[in-house]
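Going line by line, the protein sequences match chains W and V.
Taking this note's numbering, the leading residue of the first sequence gets 14, the next gets one more, and so forth.
Taking this note's numbering, the leading residue of the second sequence gets 2, the next gets one more, and so forth.
Worth flagging that the hints you see were computed from the coordinates, not collected in a lab.
Just so you know, these numbers come straight off a predicted model, no measurement behind them.
Cβ coordinates follow ideal geometry from the N, Cα and C atoms, glycine included.
Check each hint, because a few of them may be wrong.
Said to hold, decoys possible - To give an idea of the chain W side of the interface with chain V (calculated C-beta under 8 Å), a few residues: (1) Ser33; (2) Phe41; (3) Ser111.
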Amino acid sequence: MSFQRILAYTVRHLYLYKRSMPRLMEVFYWPVLDLLVWGFVTLYLSRQSGAVPQFVTFFLGALILWDILFRSQQGISVSFLEDIWSRNLLNIFVSPMSAVEYVLSLLFLSIIKLLLTSTVMVTLAWFLYHFNIFTIGFALVPLILNLVVMGWAVGIVTTALILRFGQEAEVLAWGVALLFQPVSAVFYPVAVLPWFLRAVANYVPAAHVFEGMRMVIEGQAFPARELAWATGLNVFYIIFSVLFFYWNFKVVKRKGLLAKVGE
Amino acid sequence: MKSIVEVRGLTKVFNKYKKAVDGISFDMYEGEILGLIGPNGAGKTTTLQMLLGLTTPTGGEIKIFGLDINKDREEILRQVNFSSSYISLPYSLTVEENLTVFSRLYGVKNYKDRITELLRTFEIEDIRRLPTRRLSSGQITRVCLCKALLNSPRVLFLDEPTASLDPDIADKTRHLLKKIRGEQGLAILYTSHNMKEMEEMCDRVIFMDKGRIIAMGDPDSIMREWKGRNLEEVFLKIARPGER
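Using the sequences plus the hints, can you model the full thing?
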């Protein structure tokens, strides 16, 4: 394992963000737009009679945390797509960089992108809506960590599928995380879901995270049970995703598809 | 001459029945330019991919510097490089940034000096700070060749390296590659559909057809053996067996 190679590949993407306005927009534009539109909608609804207490806190907290999951997934899959779009993938895979180093550098990249996006969103939420996400307190750390790890697991699986099925599967990079949104109970409690979706939500780490977030905002005790569930599921999913990627990488090499994806 | 690439009984079967490469064996020697020729679907690309560790062989053995590509991948790839006219480099990065990234991936020491030296060699120093997207295809090819030489490889795999170059630059590139081969003892595996170029460049050529090696040797002896005035005629005889 070479930290120098991991860093070199990370630098390759940082150069890209320095030079490409569309890529920079991808990090800031959509999250900021989300926050503006849904933030003002939330503000409006919270002023109506019969609004749920702490509606703004619930909604904006959920919006920012969901974006953390989404961006951590995209930090992996879109960075991988960058190499396909620029026909650079083969250059990477004929270099001494191993598949493990490649995945680790994607994780590293996703953290950097996440920090940039989150900083902007948190600052803007405080500035526009006087919403301070840090009022969630210490619980915020494990909540965020669990969302990041789930985003990574989804991102690694998505990347493996794109590797296997080529650019036709690139739509997954934008769509797969959203598939989990209804059962993640981001903006509503799990109890609202019909029984069969509640059953699914039990196995989605994000659902436990958002339940935990709501418990903290309501002033209940530290959501240890929800976090234990989320962590346990995430450990399983991240191991599964890495094994899935490794297995797919072997299949792709056996089928001679690696060069086709990269050209 | 010392053999640095040994291929024995290399086979690749896709979908259980489609034999892309059928038990080929050959050696590549230090300082040699070896050409890989054949009609489309002959198995050249699959062979190249297996040599680079991009495709797993179904059978046979590949040894580079005496090491197994599937077991000692990192050790081998540090001393090997590849360029193809079918791949590129990230468009938004400047030439210098791209070469810096790959220098670090290959662990090149004093990489700034090395980049300058290569850009000068390929006469593209003036585009150093330009984003790759603003380059012509000929310039991109030359930047890719700079990338392929960054780590001073002992073995270089070149897939149609002059395909997008104008005759002047293509000629200069061929001379440069021959010069570098002479200076560094670099072994080059070269593929091209330009038979004149193969005659000019290669010490030996391997003719492949339907996954098998049909002929192997220096271009003159192959032309004699196949009764062709040049490699193009030999190529046509191999590609059109009914007209032999």
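Structure-based check of all given hints:
1. Checking W/Ser33 against chain V by beta carbon gives a least distance of about 4 Å; that is within 8 Å, so the hint holds.
2. Hint status for W/Phe41: violated, given a least beta-carbon distance of 17 Å to chain V, over 8 Å.
3. Given hint, W/Ser111 at the interface with chain V, holds; its Cβ is 6 Å from that chain's nearest Cβ, closer than 8 Å.
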